[in-house]
Amino acid sequence: MDTKEIILDVKNLNTTFVSDRKEVRIVKNVSFQVKRGTALAVVGESGCGKSVTMNSIMRFLGKNAKIEADSIQYNALRDGKVTEYHLEQIKNPNGPEMRALRGPDMSMVFQDPMSSLNPVYKVGDQVAEGLIQHTGMKKKEAREKVLEMFRKLGIPDPEERIDCYPHQFSGGMKQRVVIAIAMICNPELIICDEPTTALDVTIQAQIMELLKDLQVKEGKSIVLITHNMGLVAEMADEVCVMYMGRVVEFGSLEDVFDRTSHPYTKALLRSVPVLGLADGQKLETIPGSTPNPANLKPGCEFADRCPECTAACREKDIPTFEISPGHRVRCLKYKNFPEVE
Amino acid sequence: MNEKREVIFKIENLKTWFPITKGAFKKVVGHVKAVDDVSLEVYRGETLGIVGESGCGKSTFGKTIMMLEKATGGKVLFNYGGEFKDVTKFNKDEMFQFRRKVQMVFQDPYSALNPQKKIYTSFEEPLKVHGVKNQADREAVMQKVLKMVNIQPDYLMRYPHEFSGGQRQRLCIARALEVMPEVLICDEPVSALDVSIQAQVLNLMKDIQKEMNLTYLFIAHDLSVVQYMSDRIVVMYLGKIVEIADSRALYDEPLHPYTKALLSAIPVPDIHKTKKRQILEGEVPSPIHKPSGCAFHNRCPNCMEICKTVDPAMVHHGAEGHMVACHLYTQNEKQG
Amino acid sequence: MSNTTTTSIKAQNKSASSSLLKKNIRKFLNNKLAVFGLIVVVFMTLACIAGAIFQVDYATPNLTSMKAAPDSAHWFGTDTIGRDLYARVLFGGCYSILIGVFCAVLSSVIGAVLGAIAGYFGGKVDAVIVRISEVFQAFPQLVLVMMLVAILNKRGLGNLLFIFVVTGWMTTFRMVRNEFMSLKGETYVKVCEAFGMKRSNIMFNQILPNVMSPIIVSTTTNVAFFILQEASLSFIGLGVADSTPTWGNILNAAKSVSVVTNQWWIWVFPGLAISLFVLAINFLGDGLRDVLDPKQQ
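Chains as they are written, first to last, in the working numbering: chain A, 1 to 341; chain B, 1001 to 1336; chain C, 2001 to 2297.
Simulated from the structure, these hints should not be mistaken for laboratory data. Nothing here was measured: the structure is a model prediction, and the numbers come from that model. Every residue gets a Cβ at the ideal spot worked out from N, C-alpha and C, and that includes glycine. Treat the hints with care, as some may be off.
The following residues of chain A were derived to be distant from chain B, with all beta-carbon distances above 12 Å [unchecked claim]:
1) Pro96
2) Ile162
3) Cys164
Computed spacing ranges between beta-carbons, pair by pair [to be verified]:
4) C:Gly2185 with B:Asn1091: 22 to 30 Å
5) A:Asn295 with C:Leu2142: 55 to 63 Å
6) A:Asp258 with B:Asn1302: 50 to 58 Å
7) C:Phe2139 with A:Glu160: 49 to 57 Å
Chain A on its own, in the form it takes in the complex (with noise of 0.2 Å):
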């Protein structure tokens, strides 16, 4: 596949924290790849380390992370033509390089709305400061800019909510706000970090269904990082399943949800309670609890908590095998499938 499709391409992304002089390694040798236009869903549990690849790829993490990848490919298509990014090689993370990309190019939305916006400016001065930072726009034109995106994303009254706080908002339309503030310079690929799980069920379906809007409509390419498997089904064209800092299962929707093969995922996808279960019928239980990611035994992370763990998966880490294009497992019950990178 060339440049053009694929607009994010991650090779053996490795993040260290260290603390209280240990090193603990939160992501292991992650790889994946965002097709262009498409959604990718990264699902796991807390802790997991899907948030830190997602911020070691924009670079967010603070001086105690060490980031290493052979490669973060990151290729932008400006009117036709592919412009290659290759992110592990800027030195600073907050410098010229990185600054440039994040907002025209890429931009995330964060967790918590709450939090995200600061309580002392207006919401439309807030939208429009990436626009008058990265494209020099006069203040009446960004205005005009807000206001526009402000309608797109259903923000009632614009006018009027322009000049509003963001105490003045409540929980869903400040989410709104801060995609409004992510997709003001046009990027191609939003990162998504649990946008509504502190909101409402109901919120939650009309943000989902903005957010699916603009993948759709507006060609956008996402990534949503989530723990909801529900939503994953509902949003994603691929699924990229982590477990313990390493991606287990990669695939397509199909792939992971038809064929679920890594008995992670099967379980996670069997433990959660689903709308109209059958009366009696129980969920299953992933017995245990995750692993402290500082000491790790040999082997699959998952192995302790595995109904079909054997004596090799204790003994080195697991590679990973393809066992249809595509789709990417990391278990030794496919070993007779070919590995790869």
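Chain A is fixed; fit chains B and C onto it per the hints.
Chains B and C in isolation, oriented as in the chain A frame:
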């Protein structure tokens, strides 16, 4: 279901209002009507799920029944061997005894255990307070409840921060069971837990219920979790009950437009079920300035003229025990 | 059989038991500055107490060797009327440290109790206690001291202790009140209420241990604060009576410019003692804060 079920809680017109004060003299300028005129019955041994969005008053409702919040009006009647006593009128002593009958499991297991104390101390204190004088007796109880939640006794000697969220929530459940309550009010017991842990705790709670013949009041915002746990479900919106139904009936034929919207808003992890999404417009209004008439009318897809002025009453509709507060059904009733 | 196993959950699982104390001590020992502070504080306190026990002669004026520079007989020299400065600094240390520690501890206790009550109950109780604390805060300490001296017509240790405690509890009070305000919303407090525990039990047995670390830290720093207060009050002559030496009182002798310029030892040594002790206490307090209050890091 015609068998007579024993009522354990009878809640009549319960109101919990929080005053909004202004100025130096704390003049009351209005009320947040967190729970506004709620009546329902809870049967012994059942799980009654209470579901609704944030701000609908479901947590306050639980806390009011637990008497952790003062009721502004109405009655909470508890069944003392066939005789109903009003909990809101209890004196200190009666209240203390009531605490042994009804216990609560809270949402956040991370702050539910005192971080400065060993689990042992946190477990011992309630027993001491409730008159178990002998240490051996106390430890016997502790052993028993720990066994129910599958936790090793040696864990007692540790501090809360050494445990994961799931373990802490299990410890919290065990502690609530120490006084052998009849009713357990569970306020969002799994919403702070990881998805892979939720099923563990939910199944555990189901097992314990069978073992001890407990009655659960299961409060949560996640309808799929509530549906999995409950026999009957109460749907709340802005401090009022909009629908009560058996768990299955609520899913199969929801009556209230809000319930329908709630059901359709929940994402289903199944890529072949393409369902028609009904997306609600707008947001939940603030409970300080509730809309007139039916509180839901400004978001309701089936809003009629009458909804804007008249607050609908609860009526029976369809299967037995299925009640709904909506003019769609009161109208029908009148016509028929 | 079952009885023997059940009675000994505690004893049986000693090995599994974890200790916050051990961990905290280890953490404290890693902080070099705090350990230095602790050593200096302990050493100076012991030296002063030893001086008091051995009854060093601090009071007898030696008119033959007034304003003598430090030598082998008088390590710190002598003051304006020939009293041995070394003995005076040791003895004065006893009083100064006593004033500091006594006032800090007592004001912390008062502040903590009132803060707990105000914070936990809130509402009217809170409003009343906060108003009272504001009244006390509005009085300048100096004026209060003068008032008391005027009323009792004498200067004494008791005066100072009283004034310091009365005017010193507000900072601890405010801190404890705010902590209680936020901690009473914690779930474990609700759990205790759900079990029907007594309010006093919840306040002092459940919540207070969680506020203990900031109280300990502020008490330590308050010790330093009160020592400095005493020094400045005594220096301007409103502190304890002249007959009782304190570090501030000794400095009082160095009020005239001629002493300051010509007899440096009269003010350098007590000054040094004050600075060193206060500095060490502050190091110690900072170290304790790092250990006890992870939020501050």
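Numbered hints the structure breaks, given as an ascending list: 6
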